[in-house]
Structure formats: C-alpha cells, structure tokens
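**Student:** The primary structure of each chain is shown beneath.
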Amino acid sequence: MRGNLYQTKYLVVFIALVLFLSGCSQGANPDGSTQKSGVQTTAEPTYGGELTFALATSPDTLDPHRSSRAVAVRAFRTIFDSLVVQEADNSIQPWLATKWTVSDDGKSYTFELREDVTFHDGTPFNAEAVKYNFDRILNPATKALNSRALLKPYESAEVLDEYTVKLNLSTPSSSFLSNLSQAMLGIVSPTAAEKYGDQFGKNPVGTGPFKFVSWTENADIKVEKNSDYNWGPSYVENQGQPYLDKLIFKIVPEEATRVGGVQSGQVLAAETVPPQNIVSLENDPNTQLLKVNTLGLPYTLFFNQRREPWKDVNVRKAVMLAVDVETIVKTLYMGTYERSWSPLTPGILGYDETLENSWEYDPDTANKLLDEAGYVMGADGIREKDGKKLTLNYVDASPNREKRNDIAVIVQQQLKEVGIAVEINVTPDFMTVIYEKSDYDLYGNSQVNSDPNALREIYHTPDGSRVLESLVGGYDPKLDELLEQGTVESDPAKREEIYKEAQQIIIDKAMIIPIYIFPYTVAASNKVNGITFDSLGYPLFNDAYIQQ
Amino acid sequence: MAVLSRALMRFSSALISILGSLVLVFFIIYMMPGDPVLSMVDPSTTSPEAIDNLRKELGLDRPFYVQFFEYFTSMLQGDFGQSLVTSEPVLPKILMHLPATLMLTLTSIIFAIVIGVTLGVLSAIYRNRWIDVLVRMIGLFGISMPTFWSGILLILIFSVHLNWLPIMGSDGWATLVLPSIALGFVGAGLILRMVRTSMVEVMDEQFILTLRAKGLSERIVMFRHALRNALIPAITIIGMYIGDLLAGTVVIETVFSRQGIGRVIADAILTKDMPVIQGVIFFIAIVYVTVNLLVDISYSLIDPRIRRAR
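Top line first, the protein sequences correspond to chains A and B. Just so you know, the first sequence maps onto residues 87 to 634 in the working numbering. Just so you know, the second sequence maps onto residues 16 to 325 in the working numbering.
Be a bit skeptical, because a hint or two may be false.
[Claimed, not checked] Within a straight-line C-alpha distance of at most 30 Å, the following computed BS3-like cross-link-like pairs (lysine-lysine) qualify:
{"hint": "1", "chain 1": "A", "residue 1": "K229", "chain 2": "B", "residue 2": "K71"}
{"hint": "2", "chain 1": "B", "residue 1": "K71", "chain 2": "A", "residue 2": "K523"}
{"hint": "3", "chain 1": "B", "residue 1": "K71", "chain 2": "A", "residue 2": "K288"}
{"hint": "4", "chain 1": "B", "residue 1": "K229", "chain 2": "A", "residue 2": "K281"}
{"hint": "5", "chain 1": "B", "residue 1": "K71", "chain 2": "A", "residue 2": "K238"}
Think of the hints as simulated: they come from the structure by calculation, not from any bench. This one's a predicted model, so the numbers in the text were calculated from it and none came from an experiment.
In isolation and in its complexed conformation, chain A is listed as follows (with noise of 0.2 Å):
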C-alpha cells in the first residue's frame, strides 16, 4: 500500500508543476518588431542550398487571417503577398496592385491588379480572389482578429472588372494603405481556403516567393521556393524567383538552444537573441547579428488617470522625473536596445526627435513637485497626505518577458528615493485586471504597428465601442481633436505635423513613462547572405542566399 500512497503523491505533484506553469500563461499578444535595414551584401548571390531559422516560439497558424502572433507572420510573410508595400520611407509602393485611385470622400479605394499572377495551387490572382479574401475577413466563421482590426473601416468590394477592384469604406482612413501593406492583410488562394475550411492554417496557399511544404508541430515549417514567383516587392533586391530552394523554420524555444544551434553551425540562422549574447556574438568572427528597431509603440508605462493622485498631472510629472530610465536600460540590456522618448517609436510617420533629451532624471524637481501636491514625507520614508500613504500599484504581465518585471524592481527602488511606495504586482492575468477592472496605477505595454494611427485606441476618449477599458483612463480634448484628424487627413506632411503635437501633448501632460525601443534580433552563421527587414522588421528571405 507504501507505494501506492507515493504514487498519489507524485501524481499531485505533478499536477501542481502543471498547474504552477499554467500560473504563467499569458494572452498570446503580437509583439516585437521593427524597420528595414539593408544587410551585408558581399558576392555574387548563389542559387541553392537550404535555410535553417530558429523561431524563438511556434507559430499559433499560418493563417494570416486569424493569426494574432508575430512569430508566425515571419513564418507565412514568405507565403503570402499584400497588395502594396509599405517602405522604410513610410510611402506606400505597388505589389500586387499596380496603381490605385482614392475617391475624392476617401471612402473608396480603386486598385489595377497585377494580371500575371497566379496563387501556389494555380488559382489566378484576380479582383474576385480580393474580394475574397476581404469579405472572408469580414465574415464571423473565419473567426479573425487582428487582420480583422487592420482592415478596419473596410466594407464591401466590388469587382470593375477582371484586375480592378473597388474597396468602399465606412469611414476615410489614411491608415488604411499601410495596413493593407501588413502580412495579417496577405492575400490567400480563395480555391484553398474554401477547400481547407478552418484548417487552411496548416495548409496555406499564397502567391509569395514560397510555397508550403509541411509543418510538424514543435519542430519545424518548411517552405520551399516558388520558382514562378516574379512579382516581387519594391523593398527587395531580387523581385524574381527566391535563390534558396528551401527555408526551414525550427521552433525552438529555448534562448540558449538557439544560439547555441547557430554557434555550433547546426542551424545557420536564429531570432530573438538575448541582450547577453548580442554582445558576445558581436565579438565571434563566425556569425553575425542583425538588428531592427520595431515599429510602433515602445515599451511604455502607462498611468491610470482614473484614479488619485494619478489623475493631477504634477504628481505623474513627479514619477516621470523620478524614474532614471537610462540606468534602468543601461543596466537590464547593456546597451544592446535603445532607450524610448516618445509614445511612439523612431521611424514611423511623424515621429518627434525633439522629445529625445527634453527631459533628464531630476529627483529635485520631482520632490519639490510632491510637496507642492500636499504629500509630507513621514517618518517611514513614505509620503502621505491627509493620513493617506502615497502608494502606487505597478502592474506587469507574467511570464517576465525582455526582463519587463526587473523594471518594475528597479522603478520601485528608485520611487522609494522620493517617498513613493510601489507595490508590484505580477500577474499571468493581465487581461482581467488591466483591461476588465482597471485596477493599477501604473502598466507596461508595447505594440507593433505601421501608422501613428494606433495611437488612437489608446489615447482618444473611447466611443463606446470598445469592450474593454482603455489604458490611460484620462483624456485630453486637443489630444482627441488631433487624433481625429490624423485618422482622416490624407496628406503625410500635415499628418506628421499632426503626430508631432500629439506626441508633445502626452509627454507634457505626463500620461506615460516611455522606457525602450525593442529590437528583433537574428544571429546567422556568416555564410548566410541578404535577409533583410520589412518596415515593421519582419525578416525577407528573398534576397537570402547562402554562400558555398
């Protein structure tokens, strides 16, 4: 009977490791990011060879449509071709549509297409297949989410002809090309998806540089090379067929596996390295490290202005002033990502490069401004008014992703210096607390985005719309009023323009602390040549060649 008790107890000890890890489960949210940067061009390019690239985590599907993972748009990027393309100028170029036309209400968009295309099953390319492809966005069985948002204000198609198509919004939206230039927004066979149903993910048919092979889950995709493809985009060198035969994408979760596997030549190339190997790869004469600032919005603390003392705007400038973000990202990523100035990352349209420097460290001012709210520091070293203790609750999302709750520690730390008390408080349930009950005073979050225009969901009054509370839970009328225009106007310098001031206006008005600018990070054997970025820093394979 001795052994069948241990056996009842090891069975409950497993059962609580399963549980203990389920602790750590997250939303699966898109993230990590970036811009295009031209990579290492020596020789003549060969044709041939095999790819290897470790992805860090496994693709949720192949599906652009319902995908909400950014590991799996470098996946099915290869797979799939948009409409037009979105360059690291932010200009939008043509792809798969040759030229397009906006009515003079930007509520509809007319697009030639290109008529010598043809999906990896033999399907043609044509309006109808647009049409498609956007409806069955729009249609509740396909169950889609991001791609869902990104195409946003969309309404309906209609075919002019074989290669024109007419797309009517509901709403103008001078976001709407560049989020058509993202891979959520790729183009699928229509003969495919209607063939595959919901299992289309595991079998996708595009028309992009590569074809689908096979996906063996928890091991690795391969895709191999369309020899037909000759539309390529403008931001690649080579728009003709890929030079590699085949690219191999492994999944491989562990950090140390993956860098590991390209250092000891097992695979050539890996995603996603670690702050402390960037700088030891940097030194190792066999590989090399590519890096690309993501796009959109920086890793960003966000107050909640719903509640006191959050809600005056010297108390936010008091923490603002009293967090040292430099020593926060010297020290948790030695100098391999950059530091954050702005709600929204360098290169994208209207990004405010006078934001950088504008303000320094200045735990001084930061007392000073405390004191004049009324807070008297007490004897414990915490602040309080009128019996209150000045407490603020730091919320961030478990699993510790890029170190995100050793920011937390250190912002506690630093608090502390000017009588702040925070509590920190990590939770895998993010969503509900943040999103449901808006229990926090401060949170961390960053976002991967083409257009400015994301600032919108974030900081414009809601319209009651929205199922979940915002971030920021405290509004600004100019803010809203500029936010509303930047959505509709139609020309970029006037959009910067208009960026530019939103930007001031939430930095002034203290409603965030930004912290960093992420970087996508691919370590590669030297032998491997040409991948570059698309403007949101998803890697491009149809440059790669390997060197014999």
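Let chain A serve as the given structure and place chain B on it in line with the hints.
**Tutor:** Below, chain B without anything else, positioned relative to chain A:
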C-alpha cells in the same frame, strides 16, 4: 486466488487515481485566473458581441457542472474534443506526440538505472574510499542540479564546443543522447544513493557473512545475493521517479526543442487550451499509474517474501 483479487484491487485503485486526477485538473483549470477567450482576442479591437459569440461557440458560457459532465461523457466515448486554438481534434494530436515522450522517458530511465545501480554498487563495495566519495558527490549533483541547467550545460559542452551531438530535434537516436542524460541524471542520483544505502545495510547482515564463510565467490555474494536484496527500495524509488521524469519532459523537450507531449502541454497551458491540457493529463496519468502497477508486480517477482506476505 489471493493474487487475482489483489491484482483486481490494484487495478481498480489505479482507475480511481486516473479519474480523480481528471476531476481535479478540470476543477483547478476552471478556477484558475485567466479567460481563454480573452487570451484569444485582441482586446483593443474586438467587439463585445464577438467575444460573447466566441464564448458561446466554445461552450464556455455554460455552468461548470454542465461543461464537466459533457466533457466527461464524451471522453468516455473516446472523444477528447478539439483544441480551442487550432481546432484540431485532441486525440490524434496526443497520439502523434506521445511516442517521442515515451521514448525519451524510457531511455532516461535506462540511463538512470544503469548509471545509478552501477555507481551505487561500486560505492557500497568501496565504502569510504575515494571512489565512494566521488560517486556520492555525483549523486548529490544529480539530485540537486535542475534539469534545464544540466541540459544547457550538456548542450554547451557537447554540441556547441565539441560539436559531437545534435543540439535540437527529435529525428534519430543521436538526438536522444543528451536529453536522456540530462533527464536521467536526477534519477541516477536518486537510485545510486538508494542502492548504496541499502547495499551497505545488506552487506552488514549475517547472511552475507555466512555466504562468504561458505566460500562463495565475492561476485556471487555481491550480485546474486546482496544486490538482489538491496534492489527492492531502489525499485520503489523508480516507480515514484516516473512522475519526476514525465514532469521533467516539459522542461527537457523545450530545452532540446524535441517533439513530445511535454511541449504540447506547456503550449496548451500558455494559451489555456483546456481540452488539450485535459487530454495530455489523462494520458500521463495512464502512463504513471501503469508503471507503478508494474513496479508493484515486480516486487513479488524479485522478492518471494512479498508474494506470500501480501
């Protein structure tokens, strides 16, 4: 007759263990913070209706006991449901990944037994000599080093620096070597300590003295008589250790990027994919309980006294 009724009793208690673990896990996952629907959507852009619809579609809006009852009855009919994330049926997914995990568990256990018993016996024979000290240190290392750490260490030494063995994957025997060592090392430590202790105990007993006095060769005394008596506690340890091993595959399969149900359950937990978590737990419980049943039976094969006493 007694044997049969005991076997029946053991079998039914095994069945209860499996069912009990299922109930427990279902209950705890249900209580766990986090909403599977919210982890599937982008909060800033999805409408409340869409979230409600998704919840209804997945049947997550129904009361706990209804969900549980439905799950349980369809499971008994062999229907483990569909993954919430990929909409694939759960059973084929598990059956596809189970063999790799069982293979890894088996090779790890073989490694643990071979190393553990050999070193344990050596240690007992050379009690308090330098071999004994060394072996005891190895044992201590084995049980105290976390598997992910020894795994990464093995990768750095044998894959990155020496480049002898593959660092990742699950194709072929070569990919089994490092993970089995990393995973089996803990077991080797446990077993060698247990074997050493009981060997030392047995060797002090009178019957060993008698055997030696009878003039039997030292080899026969050690291996046929002393070891056989010393093995019983070691086997108990192995049965318990299976639980550690199966839990360890979650870590080791991740470190070595192997396929297997450890990876499946880790991914499922991250996305709160309940049907998959349940399905994997069910199979792990079966494996665990079966192994322990075999261990129990093996006692009586090794030691006739147990056969009679129980």
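**Student:** Please list, smallest to largest, the hint numbers that this structure does not respect.
**Tutor:** Violated hint (a single one): 4; every other hint is consistent with the structure.
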